[in-house]
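J.: Chains A and B, in that order, give the protein sequences.
Under the working numbering, the first residue of the first sequence is numbered 1, with each subsequent residue one higher.
Under the working numbering, the first residue of the second sequence is numbered 402, with each subsequent residue one higher.
Worth flagging that the hints you see were computed from the coordinates, not collected in a lab.
Glycine included, C-beta positions come from ideal geometry on N, C-alpha and C.
Wrong hints could be hidden among the right ones.
Unchecked claim - List time: in silico EDC-like cross-link candidates among lysine to aspartate or glutamate, alpha-carbon distance up to 16 Å:
#1 A:K130 x B:E438
#2 B:K429 x B:D407
#3 B:K408 x B:D447
#4 B:K451 x B:D465
#5 B:K466 x A:E129
#6 B:K451 x B:E438
Unchecked claim - Listed next, with one range per pair, are the computed distances between beta-carbon atoms:
#7 A:I242 x B:D460: 37 to 47 Å
#8 A:D332 x B:R456: 20 to 30 Å
#9 A:D68 x B:A455: 47 to 57 Å
#10 B:K429 x A:Q362: 14 to 24 Å
These are the residues of each chain, in order.
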Amino acid sequence: MARSSASSSERLGSGGVPAAVTRVYLDYAGFSPVDPRVVAVMRPFLEGGVGNPSTPHSLGLEARASLDGARAKVARLFGGSPSGVIFTSSATEANNLAIAGLAERASGRHLVTSAVEHVSVLNSCRDLEKRGWAVTYVGVDAEGRVDPDAVRRALRPDTVLVSVMAASGEIGTLEPVAEVGRIARRQGVPFHVDAVGVAGRVALSVDECAIDLLTLSSNDLYGPPGAGALWARPEIKLAPRILGGGQERGFRSGTENLPAIVGMGVAADLARLERQAEVARLRELRDGLLEGILERVPGVRITGARGAARLPHHASVVLPDVKADSILLELDLRGVAASTGSACNALTGEPSHVLRAIGCTQAEAEGSLCFTLGRWTTTAEIDLVIETLPLVVDRLRRLAP
Amino acid sequence: MVVTPDKKLDCLGLYCPIPILKIREAMKALAVGQTIEMLSDDPASDADMKSWAARTGHDLLETDKHGAVFRFLVRKTR
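Please model the complete structure; the sequences and the hints are all you need to start from.
T.: Okay, structure coming up:
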């Protein structure tokens with residue numbers, strides 16, 4: 001679809017930028033184009049000359065070396081031991097393995113998580129509830145922040161896991177994982193962090209934050225979709241969720257998706273090396289977008305935390321008197337791709353659990369917009385959104401009964 | 402009075418948002434005044450169904466729970 005303004009398509013079409021980016025694209029949390037440097041490294045792994053990492057012939061040994069290289073690169077992103085990396089098909093699978101896999105090997109029957117987790121964490125917890133575990137869903141403040149003290153109060157003698165995400169993909173708020181980690185460690189309870197939102201954007205060290213299990217997604221690092229990882233400390237016991245030939249130390253059977261895993265490794269390296277410059281650039285663009293929206297759209301309100309307390313590429317707002325669906329449709333017609341911030345909400349029209357948890361009214365929740373910026377976002381794109389959104393909102397308000 | 406539902410919907414084993422998505426689809430095939438019984442064992446479905454009924458305006462006539470299984474009876478209002 002080449003519906004973008006001429007200026008933006010010319011600009012985006014040049015300079016080695018992925019061809020998929022042909023219009024104003026502010027839904028990087030939904031999907032990120034794969035970095036061309038990553039694609040270049042992946043290509044030989046797709047086109048041949050590479051074996052199965054589990055086979056003993058020389059091509060297999062080379063594949064094994066590439067797999068372990070990717071493991072080291074991914075581990076370096078958050079200061080973990082490479083041997084703790086378990087490659088999966090997605091962050092969702094990694095969250096499932098962390099929660100259900102740990103609960104099944106533990107003797108206690110209680111878990112603590114937050115009310116704003118990704119649905120892969122929440123539904124893993126619901127599944128455990130059905131099978132006899134108890135789960136405490138700790139609430140959040142109006143900006144979506146978990147109170148570490150509430151986590152401490154929720155702990156029981158039979159608590160087997162605390163799982164709190166590093167940042168909300170829906171409202172961008174950074175969670176106090178270092179404080180929660182200290183509390184969990186003091187009680188001897190393993191601590192899992194879904195780090196998908198922060199990876200490559202906020203420095204995170206598993207040792208400094210006392211993290212025992214950590215979830216990553218490849219695509220959120222500008223790597224290929226179809227790969228994710230769970231990192232686990234060596235002493236953590238997990239029951240595998242996918243059974244078979246014992247790949248990934250038996251924690252995740254199935255022949256490794258080597259092209260995607262190698263791509264994820266390169267993406268992790270690039271994210272680590274380029275993080276500071278990229279974050280400064282994204283934060284400036286994001287702040288400009290939020291300022292522009294606040295200034296030019298009456299009645300708009302930011303959801304989540306402000307400034308340095310939120311993800312640098314993330315802008316989310318609510319408009320209490322306009323439906324997000326209508327805004328997104330109108331923006332789309334003008335070449336702007338954004339989202340409501342929640343896939344569940346997009347499917348059912350129900351207010352998302354995150355917006356409910358931060359106390360949004362029904363009307364506000366229905367007018368929730370999420371703009372996520374990325375590696376190829378330009379000032380021109382931001383300017384176009386700041387021009388377009390007020391026109392769209394004004395038009396919809398005039399049409400409203 | 403026991404209401405015999407006009408339609409039944411089995412959502413056992415499914416999790417949010419799928420049960421809500423399925424009942425929303427199923428409602429389209431009902432006439433106003435007809436009823437549907439939905440079974441779900443997602444612990445979140447009680448809150449989700451209440452919220453969905455309040456938002457859409459359909460009547461949530463009955464909610465009960467047998468073991469881990471919720472049973473919802475809904476009448477289409479519009």
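J.: Tell me, which hint numbers fail for this structure?
T.: 1, 3
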